[in-house]
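If you want the building blocks of each chain, they are given just below.
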Amino acid sequence: MEITLNHYLVLSTILFAIGLIGVMRRKNLLMLFFATEILLNSVNIGFAAISHYYGDLTGQMFAFFIIAIAASEVAVGLGLLVLWYKRNGSIDLDMMSTMKG
Amino acid sequence: MEMYLYIALFAPIVGSLFAALFGAQPKTPIVGYVTSALIFTSLVASTVLLGAVMDGEIVHVELMTWIAAGDFYVPFGFQVDQVTVIMMMVVTLVSTIVHVYSIGYMDHDKGYNRFFSYLSAFVFSMMVLVMSDNLLGLFIGWEGVGVCSWLLIGFWYHKESATWAANEAFIMNRIADLAMLIGIFLTYWSMGSVQYDVIFAEAQYIDHSTLVTIGIFLFIGAMGKSAQFPLHTWLADAMEGPTPVSALIHAATMVTAGVYLVIRCAPMYDLMPEVGYFIASLGAFVAMFAATMALVNRDLKRIIAYSTLSQLGYMFVAAGLGAYWVALFHLMAHAFFKALLFLGAGNVMHAMDSELDPVKMGGLFKVMKVTAILMIIASVALAGIWPLAGFFSKDKILEVAFSGEHYILWGTLWVTAGLTAFYSFRLIMLTFFGEERYKNFGFHPHEAYKYMLYAMSPLAVLAVIAGWFEHQFVDFVTQMLPTFEFHTHHVEMILILVTSAIALGGIITAIVMYRNGPLSTKWESQFAYKVLINQYYIPQIYEKFLVQPYRELSDIFWKQIDMKIVDASVDAIATTFYNTGEATRGMQSGNLSTMLKWMVAGLVILLTLAVAFSVGYIAIIG
Amino acid sequence: MLEHILSILIFFPALAALLGFVVNKDSIRVYGIAVAGMEFVLALVLWGAYDPSIAGMQFMERMDLIPAFGISYLLGIDGISLFIIILAAFFTFIGIATLPNLKNIKNLIITLLFLQMTMVGVFAALDAMIFYVFWELSLVPMLYIIGAWGGEKRIYASVKFFLYTFAGSLVMLIGMLFMAFFYFQATGVWSFSILEWYRLVLPENIQLWLFVAFFFGFAIKVPMFPFHTWLPYAHGQAPTIGSVILAAILLKMGTYAFVRFSLPLFPDASVYFMFPIAILAIIMVVYTAMVAYAQKDIKQVVAYSSVSHMGIIVLGTFALNVEGISGAVFLMIAHGVVSGALFMLVGVFYDRRHTKLMSDMGGLAHIMPHYATIFGIMMMASVGLPLTINFVGEFLCLLGFYQQSHIFTLLAGTAIIVGAIYMLAAFKKVFFGNVVHEENKNLPDVNKKELFGLIPLVMIVVWLGVYPKPVLGPINNSVESIVQLMHDKAVTQEAKSVIPDLTKKVVISETIIEEVR
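Chains as they are written, first to last, in numbering that gives the first Met the number 0: chain A, 0 to 100; chain B, 0 to 621; chain C, 0 to 516.
The hints are simulated quantities; they were obtained by calculation from the structure and are not laboratory data.
Don't take every hint at face value.
Taking lysine to any residue and the SDA-like style, the derived pairs with C-alpha atoms no more than 20 Å apart in a straight line are [said to hold, decoys possible]:
1) Lys-449(B) <-> Asp-108(B)
2) Lys-158(B) <-> Lys-448(C)
3) Lys-295(C) <-> Val-546(B)
4) Lys-152(C) <-> Lys-368(B)
5) Lys-596(B) <-> Asn-87(A)
6) Lys-26(A) <-> Met-594(B)
7) Lys-359(B) <-> Lys-521(B)
8) Lys-558(B) <-> Ile-282(C)
9) Lys-158(B) <-> His-107(B)
10) Lys-26(A) <-> Gly-22(B)
11) Lys-427(C) <-> Gln-547(B)
12) Lys-368(B) <-> Tyr-453(B)
13) Lys-447(C) <-> Lys-521(B)
14) Lys-24(C) <-> Lys-102(C)
15) Lys-448(C) <-> Leu-101(C)
16) Lys-24(C) <-> Phe-39(C)
17) Lys-102(C) <-> Arg-28(C)
Values in this document were obtained by computation on a predicted structure and should not be read as measured data.
Work the whole structure out from these sequences, hints included.
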């Protein structure tokens, strides 16, 4: 069986759905980061696949951008997370509601 | 001559302002003297002008521009012609007398200075009214006398009844003034000007229906000032004011402004006899209507006020039927004897500590001989007995009605003449003759100051002799006003006899009926009496069907509509936003997890919309 | 100096206000009076230098701000705006001079000076964006004045005032943006200059939409029925000085904008909407007069009477002829003077007894005769007595509209009746009768400070009532050119016939405007 664009897109969609569910369901901040990474990577797969399909490098370039952004985001995010954990001893999302309106 | 015109016009306002300087102070005698002197100056200047006009000179001046916008232009223009100068003479003469009289009458009043300020301001307004050479200038005076009347009726402002009457008079006049304004607007847009000379020349060229509309609206204006039915109720209530005010404003001058307007607009009204006939019919109706109310009233001043109303009706009959000079003649004669009558009533009031019910008087002749004689002269003149002034003028009006073959009008006026004589002498009999009932009420009447009586005497003389100058008067005013063709030469003597007979009959009936004082109270339970004493229930009807609903409607407008509908719907919009925010603030729980869920939900919705729209778009395009 | 006098008039009070922050608290009053006095003198200089024979804009100033979008700092005045500017300067001056002792008076005076900047700015601006900026800025000082020195419900009142008028202005802003866009489409250049816009002839359907958009902003400001309910709250809660400025100047922005924008930009739409607006105006006149009659608070009577009189102004504006519009502009001045004076008079009593309820008054003519006299004169002016300032305006407004419709004029004319009813009734309750309240028996009559504000107003009322020409002449001149412009621009036959042709050349700015078709 030849792997077509559709397969990539289905994979991307499935990963996106998993990521989305993770974003919604997870209460642990670390898990949330994982879920966002999954989301970003699902999009990356989509970009790369479509880029290949059209023979246009722009999509792949964009995927690299996203990877770079994801890396910096994780770097900053994890730093904050560690700081938060040190200060509060918990990274449970339900505990973080100081911005309640 | 221009200088005399300005003197005649502005002397009263100078007096008024002078008095106003002392307005808030207690009595300052000089105020009375200065204002009286200035009004007298105005009288002298008017006399000079009369002489000039008699020599055929019409004085016309344009002081300055007043309003100029677009094509509309109206200056302060004044003109002294035959009609004006007669009015000026009447106004200044009666005013002078009333001013002098008031020095005595208001002697003990703490508003002495204020009173003279108002009174002189009134004279000024009246002079503007009669001297203006355009409709808008007349309107200045028209409103000015309205305000002065408001101030003077409500002069004793601590009295609820006085201030109420003042407001009633002002508002009722305003209703008529609106009509008058509309008449002025229509005049401007149809004839391009409000100057008398222009519009009178133009009137014959414009569309007849427009002209009739103008005529009607101007006449409605006149109805308010001259207190014609249905705008008549304010006049009787206006008697709350000091008596000199009643004499000057509500008898001699202001209320005749309506008649003056019709006379002034004679060239216009001449072109529309149908409106004239309406005016005459209304006049005849009011003459009778007011006279009946005077028959039973138990208030000295109100009786005279109704009599004024009735006489105004006479004037309107003459003016409406095209006999403008007759109307003016009666206006003049009436001013003299009615002012005299009121001032006499003022003396009686003074003597009786402001008591007004003639039933409580009686036999005052013994203590107040001069006043009694003056009032009797005035009443005889009013009744129209030869050779006093009223005879000549009133008789002419009846002749006019007869001559135009308006027999119903004639009949009405004829009966009214009898009623007039009756109620005038009822008043005289109850007040001055019969048993001295005032003693039962503990009054100690006394005669008025000498100079008050002297001040009244010129009026008495005029009330007697004014009629003798009929021919000179006719020759003078018909230089300007249209002449009236009488077709009654064959029956003239009979008419005079018939009219005099009913007048004499009225007098004799009154004397006989009231020779022993008031009638028994049995009368008062009769239906006719009740209707008349309640003024045909018209004030009650106004109160119930106009004033009360207006008040209630205002309240509803405010509390129900403005607050509960208009404002509430504005607030409802604001509250919707507020409540939406209140309801959705739960989303901002601060919990990252919840917010992410909302974000996902939003994303899904947006995606769905995007898909739906693109599908729809393709469907439409494809 | 004269070529920049408008900028000076606008920014002098603002700079002075900034400087006011460093002025000592005790001398701030003198400082405020001096600044406002100088501003007033400048305004008089402006009048003196104004050439009444020129109908178009004078003292024009121009400076490009955002050339890419044609937004420039463009100022200029004609007969229509000149007198409102003078009035604004005058009222700020006597308003500050007669201020009673309030808390935080320093902030109040600084706020008033800022307010003055925005007021002059609105009436002098000839660029729509500049106009809009000043228009909105004027809300802020007023919001602060009501919110900080107001009565019990001041927060509600001030927020309502702000949000309501702000909402309307936003719709107006959208209209302005569209207008600029249409101008761009037609000419290929962006411009927000009103004078440039005047040259644009729009098709009728676009005119209708834009007219409605502008209408919302203006109508709420006027305020027209049914958008008027913010006004009684604002007046009811505002301190005296706030009410005076609000009634005398701020309300006039709405009617001024009708004359400046709606009429010349959208002549066909103006004709189209003439009768609907006339009906609204008549409702305004009669309905609010009746509501005024029902009030128990004397200040609310005056507030509602303001709405009623603004109805006459709107009616005169939409008479669309010279008589009516001149009358409307004149009545703006007249109503400013009279209602401002009436609010000051209400304030006089409020300062003494801290109540505005008519049931707490009664018989005041015995105790305060001078007060009663001045109030009486102002009341008579308010009911439109001839030889007072209001009569000239009201008469011309009604006269003008009579050409368009007899029956509507008759209905609107009832203003002189209903106006007399509520005013006389209120006067009777306040001044006539006997003194029933012990506390009122020893009230002092108007003092010198109050007289300083009131006497000039009385003099203006009589002077312009007897001799309105110095004001009416320039107004008339400028209005004529606007009417002619409308006639020339009108697209439909109907509008051409309704708006009179004065057969004169239109001069709006220095350049003669040729018709753009």
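Hints not upheld, ascending by number: 2, 4, 5, 10, 13 and 16
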